[in-house]
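Residue numbers (the working numbering), protein chains in the order written: chain A, 268 to 413; chain B, 268 to 413; chain C, 268 to 413; chain D, 268 to 413.
Possibly wrong hints are sitting among the right ones.
Repeated chains share a single entry, so a pair holds when one copy, or any two copies, can fit it.
Quick list of in silico lysine to any residue cross-link-like pairs, SDA-like style, CA-CA up to 20 angstroms [unchecked claim]:
| id | residue 1 | residue 2 |
| --- | --- | --- |
| 1 | 362 | 378 |
| 2 | 376 | 269 |
| 3 | 362 | 276 |
| 4 | 379 | 297 |
| 5 | 376 | 291 |
| 6 | 376 | 280 |
| 7 | 379 | 360 |
| 8 | 376 | 288 |
Source of the hints: derived by calculation from the structure; they are not laboratory data.
Being a predicted model, the structure only gives us computed values, none of them experimental.
Listed here are the chains, written in short residue letters.
Number of protein chains: 4
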Amino acid sequence: MAGPIMTRAEVESYLNEVFPQLSIDGPVYRVEAVGEQTARLHMTISNRHLRPGGTVSGPSLMGLADLAFYVALLGAIGPVALAVTTNLSFHFLRKPEPRDLVGDARLLKVGKRLAVGEVVIFNAGSSDPVCHATGTYAIPPRAVVG
Amino acid sequence: MAGPIMTRAEVESYLNEVFPQLSIDGPVYRVEAVGEQTARLHMTISNRHLRPGGTVSGPSLMGLADLAFYVALLGAIGPVALAVTTNLSFHFLRKPEPRDLVGDARLLKVGKRLAVGEVVIFNAGSSDPVCHATGTYAIPPRAVVG
Amino acid sequence: MAGPIMTRAEVESYLNEVFPQLSIDGPVYRVEAVGEQTARLHMTISNRHLRPGGTVSGPSLMGLADLAFYVALLGAIGPVALAVTTNLSFHFLRKPEPRDLVGDARLLKVGKRLAVGEVVIFNAGSSDPVCHATGTYAIPPRAVVG
Amino acid sequence: MAGPIMTRAEVESYLNEVFPQLSIDGPVYRVEAVGEQTARLHMTISNRHLRPGGTVSGPSLMGLADLAFYVALLGAIGPVALAVTTNLSFHFLRKPEPRDLVGDARLLKVGKRLAVGEVVIFNAGSSDPVCHATGTYAIPPRAVVG
Chain A
268 MAGPIMTRAE VESYLNEVFP QLSIDGPVYR VEAVGEQTAR LHMTISNRHL
318 RPGGTVSGPS LMGLADLAFY VALLGAIGPV ALAVTTNLSF HFLRKPEPRD
368 LVGDARLLKV GKRLAVGEVV IFNAGSSDPV CHATGTYAIP PRAVVG
Chain B
268 MAGPIMTRAE VESYLNEVFP QLSIDGPVYR VEAVGEQTAR LHMTISNRHL
318 RPGGTVSGPS LMGLADLAFY VALLGAIGPV ALAVTTNLSF HFLRKPEPRD
368 LVGDARLLKV GKRLAVGEVV IFNAGSSDPV CHATGTYAIP PRAVVG
Chain C
268 MAGPIMTRAE VESYLNEVFP QLSIDGPVYR VEAVGEQTAR LHMTISNRHL
318 RPGGTVSGPS LMGLADLAFY VALLGAIGPV ALAVTTNLSF HFLRKPEPRD
368 LVGDARLLKV GKRLAVGEVV IFNAGSSDPV CHATGTYAIP PRAVVG
Chain D
268 MAGPIMTRAE VESYLNEVFP QLSIDGPVYR VEAVGEQTAR LHMTISNRHL
318 RPGGTVSGPS LMGLADLAFY VALLGAIGPV ALAVTTNLSF HFLRKPEPRD
368 LVGDARLLKV GKRLAVGEVV IFNAGSSDPV CHATGTYAIP PRAVVG
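Could you put together the complete structure from these sequences and hints?
Rendered as C-alpha cells:
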C-alpha cells in the first residue's frame, strides 16, 4: 500500500487531455481526491442535468458514477485509456436535490484482467446516499510494459 | 392487447414538454415506434457523445436506455411523470461505432407497483447489440381512480 | 436509532418456523448478529456446496446473500413473510476457499415500499471479500397495522 | 453457425462427471436442448426448493439460471471447467408456482475473454417469465492452441 499511481492533479490533466468532451459545456467534474483504490469526484449541476420535480437526471448520476470508477482505476493501475467498462449496475435510493453531487468510488478488487468496484453518490454536504453503483472493468493485457 | 396508451406522436410531444433538457443541444432522441409494451428510439450521435478510440461514451448508451425504457412505460401505462427508476443494470457488449444508435425497449412485466424491462442498443442499421440493459420502475399509487 | 425490531434469537426462531427447508440437511445458517439495519450470518459449508477446483458454488454464495439480506430486513421492519425480493445482483470477486462463509448485510435504504441493501461475503476469519451483492425488496402495503 | 460444440448428451455426461454435487439429492436438472449459443434446462422441483406461500425459493431460481448459462457456454466454447462467473443479476418478475421450472439461456456475446448472456425462467408449460437473469463469464486464456 503505497498510495495511488497517479496524483489528483495528474488524473485531472489526463482526463482533460483524453476526454475533452467531459467539459464541452464548461467544467462539470472536479477530482477531489485519489487514493490507492479510491476516488472522490465533485459534479457541478446545471440546468441540463435537471429533471421535472426539481431533481437531477438518472443519466447525470450514471455519468458521475462511471467517471468516479474510472478515476479510482487510474489511481490503482495508472493510465489505461483502453480499459473497458463491462457492466454497471445502479440502485437509485433517493431523489437527489437539484444541486451539486459527490461520488465516492472504492475498488473491491483489482485483478490482472478485471477490476470491480462500487460508487456511492451524495448531494454535496449530505450524508444520505442517492445512488449506489457497482461495476466491472476489463483490463487489457499489456502488450509491452505499460 | 389493444395497442399502446399513447401514440408515437403523443409520446414525442409529451417528452418535449416535460423533459426540455433532453434537447438542450438540439434534437438528440427521436421516438421511432411505441407498442403496447415496447418502444424504439433513435439517438443522433454528435461530438459530445464520443470517446477516445472513436466510440460512443457509456453515459450516452445509458441515457438512451433509460429513455427508451421510459417511453415503453408511457406506451404501457400512460403519462406517469412521477414514475421512478429504482435500478438499471448495463452490460456493455461491444464498442459501438461513432455513429447513430437505436434502442429497443421491451417490458417484461407491468405490475401495479413495479415494471421491469430490458433494452437492447445497436448502431443504426446493425444487428450486433452493443449494450444490454435491464431496469425496474416503481409506479406510484394512483391518487384518484385506480 | 433504537436497535433492531427483532433480536438475534427471535430471528433464528422465526426462520426455523417459516423456512424449515433451510435446514432440511441439518443446520446450515447461523444468525450471528442483527442490528438496526444490519445482519451477520454464518454458513457451514459441506460437500453439497462445493465445486470442482475446491471452491464453494455460486448458488451457495447467492443463497447466503439472499438470506443475510432478509435477516437485515427482519431487524429493520420485523416479520414480513410476504416481502418479495425484486432483484439481486452479484459480483464474484475471488474464488472462495472450500470452508465456512460469513455474510454481512447492510441496508442502504428502508422506504415505505422498497428496501435496498448490500451484502459482502467472506470466508470465515478472512477479510478478503469473495462476493458483493446488492438487492431490492418490495415491502407489501400493511393491510392492518403491522 | 455450425451447431453447438457439445451435444446435449455430451453436456449431460460432462455435468455429471464434473459437478456430482448437482445430483446429490437425486436428479434435479435435465438438459433439454443445447444450441450454438443457447441452452434449455428443466429443473425438477421438490420440497427442498419450496418457500412459504407455496412458491419456489429465490436461490433455486438463481441456481437454475447459473447452470443454464453455463450449459449455453459449454455449447458455444466447449468444456471450460475453469470459466468463472464474474457477475449475475436477477429480476424476479412473478412468484413461481411450486412446480417444475424451465430455464432458457441465450448468449449475447462470446468474446475471447468474456461471454455475456441472459436466462429467462418459466414454470414448465407456462409462457409467463418468473425470472430474468443476465450474467458474465470470464474465459481463461487457452494454455495450448488458442
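Each hint, compared with the structure:
1. Only between protomers do residue 362 and residue 378 lie at most 20 angstroms apart by alpha-carbon distance; the minimum there is 12 angstroms, versus 34 angstroms within a single protomer.
2. Proximity of residue 376 to residue 269 under the C-alpha cut-off of 20 angstroms is restricted to the intra-copy arrangement: shortest distance 17 angstroms within a copy versus 35 angstroms between copies.
3. Taking the closest pair of Cα atoms, residue 362 and residue 276 never come within 20 angstroms of each other, the shortest separation being 32 angstroms inside a single copy and 29 angstroms across copies.
4. In this assembly of identical chains, the alpha carbons of residue 379 and residue 297 never lie at most 20 angstroms apart, being 28 angstroms within a copy and 35 angstroms across copies at closest.
5. Neither within a single protomer nor between protomers do residue 376 and residue 291 lie at most 20 angstroms apart by alpha-carbon distance, with minima of 32 angstroms and 33 angstroms respectively.
6. Taking CA atoms no more than 20 angstroms apart as the test, residue 376 paired with residue 280 passes in neither setting, with 26 angstroms inside one copy and 35 angstroms between copies.
7. Taking the closest pair of Cα atoms, residue 379 and residue 360 come within 20 angstroms of each other only across two copies (12 angstroms); inside a single copy the shortest separation is 32 angstroms, beyond that limit.
8. In this assembly of identical chains, the alpha carbons of residue 376 and residue 288 never lie at most 20 angstroms apart, being 29 angstroms within a copy and 29 angstroms across copies at closest.
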